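> Chains A and B, in that order, give the protein sequences. Numbering-wise (the working numbering), the first sequence opens with residue 1 and increments by one. Numbering-wise (the working numbering), the second sequence opens with residue 1 and increments by one.
A couple of the hints might just be wrong.
[Unchecked claim] Dumping the calculated DSBU-like pairs for lysine-lysine here, alpha-carbon to alpha-carbon at most 30 angstroms:
#1 B:K67 / B:K56
#2 B:K234 / A:K140
#3 B:K49 / B:K234
#4 A:K190 / A:K174
#5 B:K67 / B:K120
#6 A:K140 / B:K49
[What the hints assert, rightly or not] Among the chain A residues that face chain B by a calculated CB cut under 7 angstroms, a handful are:
#7 A62
#8 A63
#9 I208
#10 F211
#11 G223
#12 D224
#13 N230
#14 G232
#15 M342
Read the hints as simulated data drawn from the structure, not as lab findings. None of these values were measured; they are calculated from a predicted model. Here a beta-carbon is modelled for each residue, glycine too, at the ideal position from N, C-alpha and C.
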Amino acid sequence: MTSQAHHQPSVATAAPFVPRSSMPSVGSLVRRPEVGSLIGMIAVLIFFSIFGGANFLSAGGAASWLNVASELGIIALPIGLLMIAGHLDLSVGSMIPASSMTVAIISGHYDLPIIVGILASLGLGLAVGFINGVLVIRTKVPSFVVTLATLFALAGLTLGLSVILSGSTSVALKSGSTAKLLFGDYLGGKFEVTLFWWIAAILIVGFILNFSRFGNWILAMGGDAVSARNAGIPTDRVTIALFMSSGLCASFVGMSQAILYNSAQVAAGQSFIFNSIIAVVIGGVLLTGGYGSVVGIVLGTLTFSIVNQGIFYTGFDANWASLIIGVLLLAAVLMNNTFRTMALTYAPRTKSRVRS
Amino acid sequence: MTTPLLRLTGINKSFGPIDVLHDISLEVNRGEVLCLLGDNGAGKSTLIKILSGVHKPTSGTMDMDGKSVAFDSPRDASDHGIATVHQFGGTFPLMSIGRSFFVGAEPTRRWGPLTIYDRKRANEIAVTEMRQLGITRIDDGDRLVGGLSGGERQALAIARAVHFGASVLILDEPTAALGVKEAAHVLRIVLQARRKGIAVIFITHNVVHALTVGDHFAVLIRGSKAADFRKGEKSREAITDLMAGGEQMAELEAEIESFSAADNGHAPRGASHA
Numbered sequence: 001m002t003s004q005a006h007h008q009p010s011v012a013t014a015a016p017f018v019p020r021s022s023m024p025s026v027g028s029l030v031r032r033p034e035v036g037s038l039i040g041m042i043a044v045l046i047f048f049s050i051f052g053g054a055n056f057l058s059a060g061g062a063a064s065w066l067n068v069a070s071e072l073g074i075i076a077l078p079i080g081l082l083m084i085a086g087h088l089d090l091s092v093g094s095m096i097p098a099s100s101m102t103v104a105i106i107s108g109h110y111d112l113p114i115i116v117g118i119l120a121s122l123g124l125g126l127a128v129g130f131i132n133g134v135l136v137i138r139t140k141v142p143s144f145v146v147t148l149a150t151l152f153a154l155a156g157l158t159l160g161l162s163v164i165l166s167g168s169t170s171v172a173l174k175s176g177s178t179a180k181l182l183f184g185d186y187l188g189g190k191f192e193v194t195l196f197w198w199i200a201a202i203l204i205v206g207f208i209l210n211f212s213r214f215g216n217w218i219l220a221m222g223g224d225a226v227s228a229r230n231a232g233i234p235t236d237r238v239t240i241a242l243f244m245s246s247g248l249c250a251s252f253v254g255m256s257q258a259i260l261y262n263s264a265q266v267a268a269g270q271s272f273i274f275n276s277i278i279a280v281v282i283g284g285v286l287l288t289g290g291y292g293s294v295v296g297i298v299l300g301t302l303t304f305s306i307v308n309q310g311i312f313y314t315g316f317d318a319n320w321a322s323l324i325i326g327v328l329l330l331a332a333v334l335m336n337n338t339f340r341t342m343a344l345t346y347a348p349r350t351k352s353r354v355r356s
Numbered sequence: 001m002t003t004p005l006l007r008l009t010g011i012n013k014s015f016g017p018i019d020v021l022h023d024i025s026l027e028v029n030r031g032e033v034l035c036l037l038g039d040n041g042a043g044k045s046t047l048i049k050i051l052s053g054v055h056k057p058t059s060g061t062m063d064m065d066g067k068s069v070a071f072d073s074p075r076d077a078s079d080h081g082i083a084t085v086h087q088f089g090g091t092f093p094l095m096s097i098g099r100s101f102f103v104g105a106e107p108t109r110r111w112g113p114l115t116i117y118d119r120k121r122a123n124e125i126a127v128t129e130m131r132q133l134g135i136t137r138i139d140d141g142d143r144l145v146g147g148l149s150g151g152e153r154q155a156l157a158i159a160r161a162v163h164f165g166a167s168v169l170i171l172d173e174p175t176a177a178l179g180v181k182e183a184a185h186v187l188r189i190v191l192q193a194r195r196k197g198i199a200v201i202f203i204t205h206n207v208v209h210a211l212t213v214g215d216h217f218a219v220l221i222r223g224s225k226a227a228d229f230r231k232g233e234k235s236r237e238a239i240t241d242l243m244a245g246g247e248q249m250a251e252l253e254a255e256i257e258s259f260s261a262a263d264n265g266h267a268p269r270g271a272s273h274a
């Protein structure tokens, strides 16, 4: 079957047709369903620029929401891929503190080299992701329920083991200068280095989704899992790989937080569960799977972070932030639906429509 | 045409105590359209699922080109050149035409050290293959499949099967959800596939569509093959009668008569509530 796909494109020249010009038109822009997310982000940016004043626009102001965006973004990317494939992962909420505690207990409490702690926490993330993936494909229980179960199980395990091993729910961590520089430092005293890890993650996930065969498999699985399997896609392996990537990314964020703050707590990270889903949905990913883009996920993450942090620069009570996010989420979903419908019904020039 | 491309001999299928298919024997040749007719529940879908590797027959044999085959999975069947196209095309509405066309067999090219999905080539081939089936409206492989009409989606799925070298094309009610013009187009595509030497198994309960393209007909009634004839051997009325199940109709008539007799020529009381 694959050998067929590799023959020379002689077939392509058999029937003459003029490819459409590659000049972007208004139509082709509207056809990009990310337009909705872009408009949303620009709207909140303008809103908070007006009400937040100069402080919001300063480097410090930008850093405050970019730092939030980078931590959330690293998790939102694999969550977005999972959602495109038709799955959810709630267990990231426990994965973050679990990996923070792992690195803190190993390298802080037991004073082992920091690299051991880092590898152990990333390994834990991969292992939890693997367990999630295997449970989902073996039991056929919806991933929402499976990862809800692992969310609680892992939270309990983290709390129990932390108390047994370190006698405390909060462990200090002193990491070396290299680890600090790589995972837990501020650039220019303001920007977290995780920002660069986020950019790297965007490039990697963007490549996977748009330019690799694997990306096509993810889209197909979310669109119609049965047809995808019949087309020869190893859906089980793809599912496990996606859960492992979200476990890895969540443990990365937990680990770098522990290094950044020089300590780890058992109860941190629950906010990431919904925040990552909100960012991804604002970004135009279909909750039911089959559609989404990396550009959209990034825009959604930025939008969420701007609202989340921007509120502190305005004169408003910060309690209103959640209200804004709630309204924004609904507005974004409605707008994304509109743009998706436009993308579906968009027809380039209708002159050749005489046939059939 | 000595050995048929695909031959089923004495296929039986039961799910637990329920017998779904009894002793089905069929033959399809290259470049021939076999129409499988039957009412809902006649066992058509089960037969397709056996052909496409979803189910295994309880007993009976299948051979292709004279060699005995048994399919372990849909993938296995498609590796043997059997492609199944379902009513809604089995395509992905929110994927582009090019991506949908090559799902699971994406063309790739080198990009520096990386191997990447060759979007341009996928789009070109997909659009060209669809144009060859007469879908001339489509000239951009980046368009989403969801923007295509039902007939165009069928064409996309058939073009895909043809491109990947299917020798047996199973079309499951391809015209059922389509309007008259769209259905005509799909029938034309069926004839094109036949001209390419593909053996087509066309499942339908529309006798007119079947008679338009079929060379060979088989009628299934309650899991058994009730008739097997070639083009021109039976009239449209005879086939329609057969599909509706001659005996059942007779039974029904007898029943109505007995009701009428019992109620002095009036419909029974309960009937008005039905």
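> Give me the numbers of the hints this structure contradicts, sorted from smallest to largest.
The structure breaks hints 2, 5, 7, 8, 9 and 15; every other hint is satisfied.
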